[in-house]
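Number of protein chains: 2
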Amino acid sequence: MSPPLAETLHEWLRVTMRFSMRHFMRFAKENNYSIPQLNALFRIRHKGVCGVSDLGEEMGVTNAAASQLLDKLVQQGLATRSEDPQDRRNKLITLTEAGLRVSEQSMQARQGWLDQLAERLTPEEQSDVQAALQVLIAHAQALEEETELS
Amino acid sequence: MSPPLAETLHEWLRVTMRFSMRHFMRFAKENNYSIPQLNALFRIRHKGVCGVSDLGEEMGVTNAAASQLLDKLVQQGLATRSEDPQDRRNKLITLTEAGLRVSEQSMQARQGWLDQLAERLTPEEQSDVQAALQVLIAHAQALEEETELS
DNA sequence: TTTTATGGTTAAGTTTTCTTAACTATAAAG
DNA sequence: CTTTATAGTTAAGAAAACTTAACCATAAAA
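If you read the protein sequences in the order shown, they are chains A and B. For the first sequence, the residue numbers in the working numbering are 1 to 150. For the second sequence, the residue numbers in the working numbering are 151 to 300.
Don't read these hints as lab results, they were simulated from the structure. Wrong hints could be hidden among the right ones.
[To be verified] Quick partial rundown of chain A residues pointing at chain B, CB under 10 Å, derived from the structure:
(1) R18
(2) L114
(3) E125
(4) Q130
(5) H139
(6) A142
[As the list claims (entries may be wrong)] In silico contact screen, one side only, chain B against chain A (beta carbon under 10 Å); selected entries:
(7) M167
(8) S170
(9) M171
(10) M175
(11) I185
(12) N189
(13) F192
(14) R260
(15) W263
(16) L264
(17) L271
(18) D278
(19) E294
Cβ coordinates follow ideal geometry from the N, Cα and C atoms, glycine included.
The whole structure should be built from the sequences, with the hints applied where relevant.
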């Protein structure tokens with residue numbers, strides 16, 4: 001039989017996915033952004049400054065596709081593409097103010113329901129949950145670092 | 151300032167999204183399913199038997215689009231479409247065995263890393279986290295039910 | 001300094017997904 | 001019994017995202 005914690009983690013993920021996806025899709029539709037566009041904004045923000053191929057790899061597409069997607073982001077004023085003075089073959093992709101703002105907004109749309117959720121807990125529940133999540137986050141970050149090396 | 155619990159919840163969601171999306175996209179690509187297709191499988195599974203318009207509404211597209219998407223699922227043997235004997239305008243959409251299996255597999259691809267994560271916790275951490283997540287799940291379900299009414 | 005490798009762009013074309021509009025069939029209301 | 005509303009399908013076409021292949025510029029290697 002599967003360990004109870006793993007099962008509970010799975011269930012929590014299912015719940016969060018349902019909530020978050022619904023709100024995220026609605027945000028995308030209402031503001032006329034495509035999923036790949038928003039995805040790209042997240043990736044750039046998380047990676048920090050990066051190259052076109054980096055972005056493509058992160059998103060699982062060819063660098064041609066990444067370059068084309070980037071064109072649109074630049075057109076819309078959400079990102080900039082500049083030459084790397086160190087190695088002029090490289091391009092340095094960064095988010096603009098506007099790009100950062102959109103990324104924040106979509107994050108908020110996706111996660112806003114968590115604020116409502118937090119309010120529903122008693123103070124005691126709040127501190128227990130808070131502690132538990134910190135544990136999970138710490139372990140997850142360790143896991144992420146390990147798997148990135150391989 | 152924002153309450154610490156909400157902030158921690160946000161961070162945990164960011165982490166889980168990064169992990170889950172990466173694995174999910176890879177699964178989709180390797181097995182040649184599109185994101186909307188897998189999304190539809192989830193929706194049908196979660197909703198149980200449902201109509202074409204229900205599906206469209208859940209996915210935020212017109213019922214024409216839902217009908218076309220469903221065509222492909224039926225072609226691939228992942229879902230069935232049958233008449234509702236009660237009201238013959240309605241169609242009853244159900245997952246086939248194969249459809250259920252694909253949905254399970256993609257879920258596992260998306261959530262498998264949670265098993266690794268669970269193993270990393272000490273027994274004490276495991277039971278604390280387990281309890282905390284149960285609290286969150288219960289509150290989230292209550293929240294979901296309330297918002298579905300409105 | 002010629003050759004090769006790397007990073008990125010452009011062009012052409014394919015596939016997927018979606019929309020609107022017209023249509024069919026059934027059910028409910030007048 | 002006629003009208004209207006509901007559920008779904010089909011057709012035609014638009015838009016998005018992706019791929020491969022050819023290409024340019026720069027850097028590193030021989």
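Hints, verified against the model:
| no. | hint | result |
| --- | --- | --- |
| 1 | R18 | holds (7 Å) |
| 2 | L114 | holds (4 Å) |
| 3 | E125 | holds (5 Å) |
| 4 | Q130 | holds (5 Å) |
| 5 | H139 | holds (5 Å) |
| 6 | A142 | holds (7 Å) |
| 7 | M167 | holds (7 Å) |
| 8 | S170 | holds (7 Å) |
| 9 | M171 | holds (8 Å) |
| 10 | M175 | holds (5 Å) |
| 11 | I185 | holds (8 Å) |
| 12 | N189 | holds (8 Å) |
| 13 | F192 | holds (8 Å) |
| 14 | R260 | holds (8 Å) |
| 15 | W263 | holds (7 Å) |
| 16 | L264 | holds (4 Å) |
| 17 | L271 | holds (6 Å) |
| 18 | D278 | holds (5 Å) |
| 19 | E294 | holds (7 Å) |
In terms of the numbered hints stated before, the structure departs from none.
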